[in-house]
Amino acid sequence: MLLVPASVALAHPGQHDQLQQVNRHLEQTPTDQDLYIQRGIIYSEGGQYDAALADLLQAQTLGEPVLVAFQLGVLHYRTGDFEVARDYLQQYLQRFPNYPPAYDYLARIARDSGDYDLAVAHLQTYFRLQERPNPGLYLAAARMLEERRRYQEALAILDQGQATLGVVPQLQRQAVALERARGQPELALARLQTLGPMLGESPAWRLDMAELQLELGHRDRAAAMIRSARETLAQQRPTPARLDLQQRAEALAAGLHQ
Amino acid sequence: MSGRILITALSVISLLALSACSDGGNNRKCKGEEVPTERLFLQQLSDTSVVIKWRGAATAACIGTLQDTLKVYADATVTEGDHKQVTFTGLLPEVTYFYSIGGARQAPADQYFTTHPQPGSLPADGNTRIWLIGDSGTGGDDEREDHEGEALEVLAGMQAYTARDGEPVDVFLMLGDNAYDVGSDFNFQQAVFETYPTLLKRLALWPTIGNHEMGLGFLNPTVALPGFSQSPDPDSWIEDTGATPRGMPYLDIFTLPTNGEAGGVPSGTEQYYSFDYGRVHIVSLDSQLSARDPDQLSAMKSWLIEDLSSNDADWTIVIFHHPPYSKGANHDSDDTEKLGGFDMPQQWMREQFVPVFDQYGVDVVYNGHSHSYERSFYLTNLTGKSDTYSAANNAELVDGNPNRPASGRGTEEYRQLSPTSGGVDDRVVYTVTGNGGKADSSSGLTEASQWLRHPAMIEQPADTVQPRRRGLAVIGSVVVDAGPERLRAHFIDAEGEVLDSFTITR
Ligand SMILES: [Fe+2]
Ligand SMILES: [Fe+2]
Chain A
1 MLLVPASVAL AHPGQHDQLQ QVNRHLEQTP TDQDLYIQRG IIYSEGGQYD AALADLLQAQ
61 TLGEPVLVAF QLGVLHYRTG DFEVARDYLQ QYLQRFPNYP PAYDYLARIA RDSGDYDLAV
121 AHLQTYFRLQ ERPNPGLYLA AARMLEERRR YQEALAILDQ GQATLGVVPQ LQRQAVALER
181 ARGQPELALA RLQTLGPMLG ESPAWRLDMA ELQLELGHRD RAAAMIRSAR ETLAQQRPTP
241 ARLDLQQRAE ALAAGLHQ
Chain B
1 MSGRILITAL SVISLLALSA CSDGGNNRKC KGEEVPTERL FLQQLSDTSV VIKWRGAATA
61 ACIGTLQDTL KVYADATVTE GDHKQVTFTG LLPEVTYFYS IGGARQAPAD QYFTTHPQPG
121 SLPADGNTRI WLIGDSGTGG DDEREDHEGE ALEVLAGMQA YTARDGEPVD VFLMLGDNAY
181 DVGSDFNFQQ AVFETYPTLL KRLALWPTIG NHEMGLGFLN PTVALPGFSQ SPDPDSWIED
241 TGATPRGMPY LDIFTLPTNG EAGGVPSGTE QYYSFDYGRV HIVSLDSQLS ARDPDQLSAM
301 KSWLIEDLSS NDADWTIVIF HHPPYSKGAN HDSDDTEKLG GFDMPQQWMR EQFVPVFDQY
361 GVDVVYNGHS HSYERSFYLT NLTGKSDTYS AANNAELVDG NPNRPASGRG TEEYRQLSPT
421 SGGVDDRVVY TVTGNGGKAD SSSGLTEASQ WLRHPAMIEQ PADTVQPRRR GLAVIGSVVV
481 DAGPERLRAH FIDAEGEVLD SFTITR
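Those protein sequences? They're chains A and B, same order as listed.
Here the working numbering is used: the first residue of the first sequence is 1, the next is one more, and so on.
Here the working numbering is used: the first residue of the second sequence is 1, the next is one more, and so on.
It should be emphasised that the hints constitute simulated quantities derived from the structure, not laboratory data.
Please note that a few of the clues may not be correct.
What the hints assert, rightly or not - With the C-beta cut set under 7 Å, the calculated list includes, among others, these residues of chain A facing chain B:
no. : residue
1   : Gly46
2   : Gly47
3   : Pro135
4   : Ala140
5   : Val168
6   : Pro169
7   : Gln170
8   : Gln172
9   : Thr194
10  : Met198
11  : Leu199
12  : Leu233
13  : Ala234
14  : Arg237
15  : Pro240
From a predicted model like this one, the values you see are computed outputs, not experimental measurements.
Think of the CB as a built atom: it goes at the ideal place given N, C-alpha and C, for glycine as much as any other residue.
Just chain A, same shape as in the assembly:
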């Protein structure tokens, strides 16, 4: 039996089992590059970065070094060595140009270094390669652009996400906020409208509609929305969120008569 490094005792039991398995296999095939990579990943994910680095560097000597480059990139990203991380990721991409996670990490490095343009560009590559990205990644790209007040580009990314994933409230709500931020309440209203059916025209949605309609001077439509929202809320059991909505509906209704 191989000696288990002292740090293993601290590992999460799931990790502990995995480490034991890897160690068992390393006994049989002590020069297997994959096994060193696997153990490096387990350490890296468990925050044991020195042990991870030792295993990954060892793995480099046991086969094609480039096969270890992605994990070395991830590890160096985790320890904050962005430049080293970037070099490793790029090495890996030269060999495997269609590997989306490498672009995800390149995007994080660029974002964390303040280079939003580059981060968005890497995310775009990721979106091209990944069949169904997590909606939050479109949000991440849009937020970077929004921070730089590049609303139009931010909106374009949210729309791109919805062209891929379908219209979803996580992205469309952000787009509504962006339309408002850039002074386009009509477009905000049009976007919010698209969410109505999938949200079952919820009272929250109706009050948001009413607020925009009021902003655009459509008082009658707003009044009807507020009324129907209040009617629905009156029939639903009270939750803190619904009590807040009731108050909001009252405030909006009061605003109608000013």
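Given the coordinates of chain A, work out where chain B with the ligands should sit on it, guided by the hints.
Just chain B with the ligands now, kept in the frame of chain A:
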């Protein structure tokens, strides 16, 4: 990050379309023999549709309401991870359909399912019975040595319990860590498909992502099958050049709703989703991947708020893997920063999502991860560590007495509109039941004196340790019965005995 998923042009056959037009473009006949499958399971079962999914040689399925004369034939689509699938739409609510694989006219006796009631309607028997198992994935080679047969014992316990009143399970939920050790395709084959084959033919399986579902990146010592690779060369995981490398078999195996296919608000991702069963709304969140990235977490949270704002079901149930409150072995929710933040999702779910559950009418939350059973009081507003808990501030009280948190049992049943909160639905019972395939026998990284003693959890009379702990270190699972007036939750051990229960009335 994760999140690749692909559903190609699906084979969708509408029964309504077929009945409207006698040959309906579907001129293939159901005839011949049943073709055996390696795995066979249902997905996205709703009041009007179902996805039948399998692995094997068969390239078609038939469906019908009469077991001996299936009439509707559909060719399957090949999907990720070497699966075949057919979607039947236009089904009628609460109708039992039989199905065959390979185009046979006769369905085997155990191949049938019943569609959900219409959203907003009560099921015919008035009750929705839900089976929840957590960390159940010990039924394969990777855990066999230590936990031989334990997942099956838990299954038998549920069956013994439900046999007493004869009411079958309507909804099957898995709380993550479904296929030890790594959620490889092979792990899933053994720990899920070969462990629950009968149930999976009859019920859709609704899972959530655990930390042992990551597939790639960890070793699969047993055998490499489609959907899993241990090679660092992504080209070796792809059959077609230019296709997306695949790392997470979970996403290949399951076909989960992204577009509100079974109710709920579209999420755009299979990593989190919701669905309806009559007047019960069920949400599956992703505490493993989405919770670890701030932008993905915030997207999931804003989706959840929209989903819950649009929901007016009698009962709302939320599942995810990492418990916001637990003093289970190794997964102390007060000690989340250890090991590079391995258990940070416990804290993030508590800080970010508990307020949403309180405010938007969630009734019960189920998690796994700790391999034991813990069940909370009827809580509100507890986003801190265990030392910030007080019965007076966080628990439903008996007659307003700050020293008497209500148990949810007997005369202390909870009410959905909490009297302690002045008649508002702002409370949630949290249950950890990561003991569907193994139970911890020691405290592990959790301080021994703290093990199963989270103060927001209720003391368990069935515990064998003195003083009694607020948890049970035995294997078992949860059965929830959600009716029009009450929701009753029971923890069932491997013998089918009820060791804990609580009731919420409405
Ligand atoms: Fe687990
Ligand atoms: Fe877990």
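Verification of the supplied hints:
1. Gly46: holds, 5 Å
2. Gly47: holds, 2 Å
3. Pro135: At 5 Å from the nearest chain B Cβ, proline 135 of chain A passes the 7 Å test, so the hint holds.
4. Ala140: holds, 4 Å
5. Val168: Constraint on valine 168 of chain A satisfied, holds at 4 Å.
6. Pro169: With Cβ-Cβ at 4 Å, under 7 Å, it holds.
7. Gln170: holds, 4 Å
8. Gln172: Since chain B brings no Cβ nearer than about 9 Å to glutamine 172 of chain A, farther than 7 Å, the hint is violated.
9. Thr194: violated, 12 Å
10. Met198: With Cβ-Cβ at 6 Å, under 7 Å, it holds.
11. Leu199: The hint holds - leucine 199 of chain A has a Cβ within 7 Å of chain B, the shortest such distance being about 5 Å.
12. Leu233: violated, 10 Å
13. Ala234: violated, 13 Å
14. Arg237: holds, 5 Å
15. Pro240: holds, 4 Å
Violated hints, listed in ascending order, are 8, 9, 12 and 13; each of the other numbered hints is respected by the structure.
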